[in-house]
Amino acid sequence: MNKASGNSQLALAGRLNRLIDFAPVLIALLLALLVASVLLLALNANPLEAYDFMLKGAVGSENATAETLVKATPILFVGIGITIAFRGGMINIGGEGQMIVGALAGVTIALVMGEMRIPPELAKERGAFDVFIVACSLVGGFLAGALYGGLAGFLKAYFDVNEILSTIMLNQIAVQMMNFLLNGILLDPAEAGFNNIPKTARLVTAAQLPRLSLPIGDPHLFDRTRLHWGLIIAIALAVVIYIFLWRTSWGYRIRAVGENQRASSYAGINVRRQMMFSMFLAGGFAGLAGVVQVLGLQYRLQTDGSPAGFTGAAGFNGIVAALFGGLNPLGAIPAAAFFGGLLVGAQKMQRELGVPASLITAVNGLIVVFVVSSEIFIIQRSKRRVSLQETPEGLDEAEETG
Amino acid sequence: MKKILAIGVLFVFVAAGLVSLAQEDVFRIAALMPSATNDLAFSQSMYDALAAIQEELGEEAFEFTVQDSTYIVDDAAVALRDWAASGEFQLVIAHGSQYGPIVEELAAEFTDVSFAWGTRQDTFGMDNVYSYAAASDEGGYFNGVLAAHLTETGVVGLVGPIEVGDGKLYADGFANGVASVDEEIAVNIVFIGSFSDVPLATEAAETHLANGADILTGTAQMVVGPIAVAVANDVLWFGSDASQDELSEDIGVAFQIYKWEVLLLDMISNIKEGLLGGEYYKLTLENGGLVMEYDKDFEISDELMAIADETIAGIVSGDIVPIPDMMEEDSGE
Chain U
1 MNKASGNSQL ALAGRLNRLI DFAPVLIALL LALLVASVLL LALNANPLEA
51 YDFMLKGAVG SENATAETLV KATPILFVGI GITIAFRGGM INIGGEGQMI
101 VGALAGVTIA LVMGEMRIPP ELAKERGAFD VFIVACSLVG GFLAGALYGG
151 LAGFLKAYFD VNEILSTIML NQIAVQMMNF LLNGILLDPA EAGFNNIPKT
201 ARLVTAAQLP RLSLPIGDPH LFDRTRLHWG LIIAIALAVV IYIFLWRTSW
251 GYRIRAVGEN QRASSYAGIN VRRQMMFSMF LAGGFAGLAG VVQVLGLQYR
301 LQTDGSPAGF TGAAGFNGIV AALFGGLNPL GAIPAAAFFG GLLVGAQKMQ
351 RELGVPASLI TAVNGLIVVF VVSSEIFIIQ RSKRRVSLQE TPEGLDEAEE
401 TG
Chain Y
1 MKKILAIGVL FVFVAAGLVS LAQEDVFRIA ALMPSATNDL AFSQSMYDAL
51 AAIQEELGEE AFEFTVQDST YIVDDAAVAL RDWAASGEFQ LVIAHGSQYG
101 PIVEELAAEF TDVSFAWGTR QDTFGMDNVY SYAAASDEGG YFNGVLAAHL
151 TETGVVGLVG PIEVGDGKLY ADGFANGVAS VDEEIAVNIV FIGSFSDVPL
201 ATEAAETHLA NGADILTGTA QMVVGPIAVA VANDVLWFGS DASQDELSED
251 IGVAFQIYKW EVLLLDMISN IKEGLLGGEY YKLTLENGGL VMEYDKDFEI
301 SDELMAIADE TIAGIVSGDI VPIPDMMEED SGE
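In order, the protein sequence lines correspond to chains U and Y.
Residue numbering for the first sequence follows this note's numbering, beginning at 1 and increasing consecutively.
Residue numbering for the second sequence follows this note's numbering, beginning at 1 and increasing consecutively.
No wet-lab data here; the hints were simulated from the structure.
The beta-carbon is built from N, C-alpha and C at its ideal position, and this holds for glycine as well.
Mixed in with the good hints, there may be bad ones.
Some, not all, of what chain U presents toward chain Y, calculated at C-beta under 10 angstroms [unchecked claim]:
#1 Thr303
#2 Gly305
#3 Gly309
#4 Phe310
#5 Lys348
Make a model of the complete structure from these sequences and hints.
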């Protein structure tokens, strides 16, 4: 066997393995839908009809597809951050709190700068877009989230405080801070006095991320939907972070620490710094998710008193998307889209069939549990492949094929 | 053969036309709610109202669909847009003032669809938006008067959600009702900062009891926690939004019930006549939108019943103003 054909055979085997690796995910998805069918049947709902509505709700129309992508956007931001943290050996459960802190910082900057730079008569002017305000808000949101995430990283690196506990606690602090500020200095002046609904004032048009439409057809694709430029920013950053993690020495150090802290330390890597840095970045991306939700979608920060009331639980869904995406920023893109579709489609199912909202939560939960559990089979297969390669036959073959 | 085929085709077209006409006669409402339709509070009151209208008008004339437990504003936007774009509904209800900005945006885009939202006064100056609210301070005042007559310790506790809207109105009305009987009675009010946090509401109720309260009250969907505390400690309970009779066993006294059907029927009538919005509605004891209901298991004395009747009559006539310095603008959950 010559070297070239050996390499192509290896590449083919690699591709085949990746395809086979994906099979458990599909089987898990089908099993989850099967179990969920039992629940649906128990509520006198036709499962086939239910899943048809779910699919239609997720991608059945231009608007449905746009809503799926809108829902996927914060999940993707958080998912990228979670990927960095997990690759650095840190478990970040603080996405919700980091999103809130990022949104608080971003909306404050946007409100203040909007007032400073935009005359009141142009506040609602359509088409106005001030890139400086938006850029400052995004950077501010990123930094606020990063510092908040970095705090948990610092506590872990220097005081060995369990980051799972500290990030969960920091979530609680963030939501109380949000409630306090939205009932206080950030409260919409129009609400103050009699309504006091905890929300900020609406951002001036110039501080809003523009809506996104693609130049396909007439009118343009997604022209009359809520899809915004946050999606493009998230996808671009996923690519950047992929390059960062796998093509730069900084990324290599983070991954090395995540794989083996002791070996990294012997290799001269400052482990503590990498731990903090990975949490800093993870928090930053969650912060971006928060500020993009405000700038691109809601145009104000509003809450019902709970964290999910603002975040839509993207801080937690991002974890699942990151795991589902194989802890790869590029993998997080389809994973986020999948979960976005799942969440939006499930709502459609509830509306059309009149099933209780708790059932929708259960169906979503089942899919997540089954799909994430399928990872075990993929890891087992991967280990088996490695052990096969380490046998004399495997080594001989590897040597032979170069 | 051709003749038979032509008659057949004609028959199919006529039948389809009749079905289509029949479908056009059906009035369809889609409603979005922040909590479960069986929350014994805010969302259930709207669901019950829609069910009552369906019972009154008949299923062939009125249909409704709901999406409940939509406390995430962003999710609400998806549902409301879907309904508005479908063209299947004559009225789309956003039952929660947090949905206001979405309604404002969608109403401008779908001008031929009628929207209703509450509880707030603001119609955004749009011809296709109705707004509604409840004068929950009236029921709050009524409950406060009764509570003041029933307390033995001189301490009553209130568990509220966020200090806004009809929750705040209820609390203020309740406090004023108690004070109208005896200013010495302490009304301890705790707003827990959430509409849905049952454990936190439960803790607040426990704290009230630890501070000597022998009567509890509260609003919003998290009151199932305080009701359970009241039942466990044999403490009297006053409720709002919907009847909590089935949960409060024998400790319930009175409930303020929102009858949204009063305003919805008027909206339906208006929409049928082509008036898609621009009006503000308010439930009051006077217009029958607010109803005070006594717990079936509670034996109310004749003396207290007379006081209760007198209080309702005073509020309806305007002799009693539950919150004298209240601004006209009000809001809700």
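- prompt: With a cut-off of 10 angstroms, does the beta carbon of Lys348(U) approach a beta carbon of chain Y closely enough for the hint to hold?
  reply: holds (7 angstroms)
Hint validity - Phe310(U) Cβ closer than 10 angstroms to any chain Y Cβ: Cβ of Phe310(U) sits 8 angstroms from chain Y, so the hint holds.
field: Hint check: 10 angstroms Cβ-Cβ cutoff, Gly305(U) to chain Y
entry: Status holds, d = 4 angstroms.
field: Status of the Thr303(U) interface restraint (C-beta, 10 angstroms, chain Y)
entry: Hint holds; Thr303(U) Cβ to chain Y Cβ min 9 angstroms, cut 10 angstroms.
- request: Could you check if Gly309(U) really has its C-beta closer than 10 angstroms to a C-beta on chain Y?
  value: holds (6 angstroms)
Hint violations for this structure: none, all hints satisfied.
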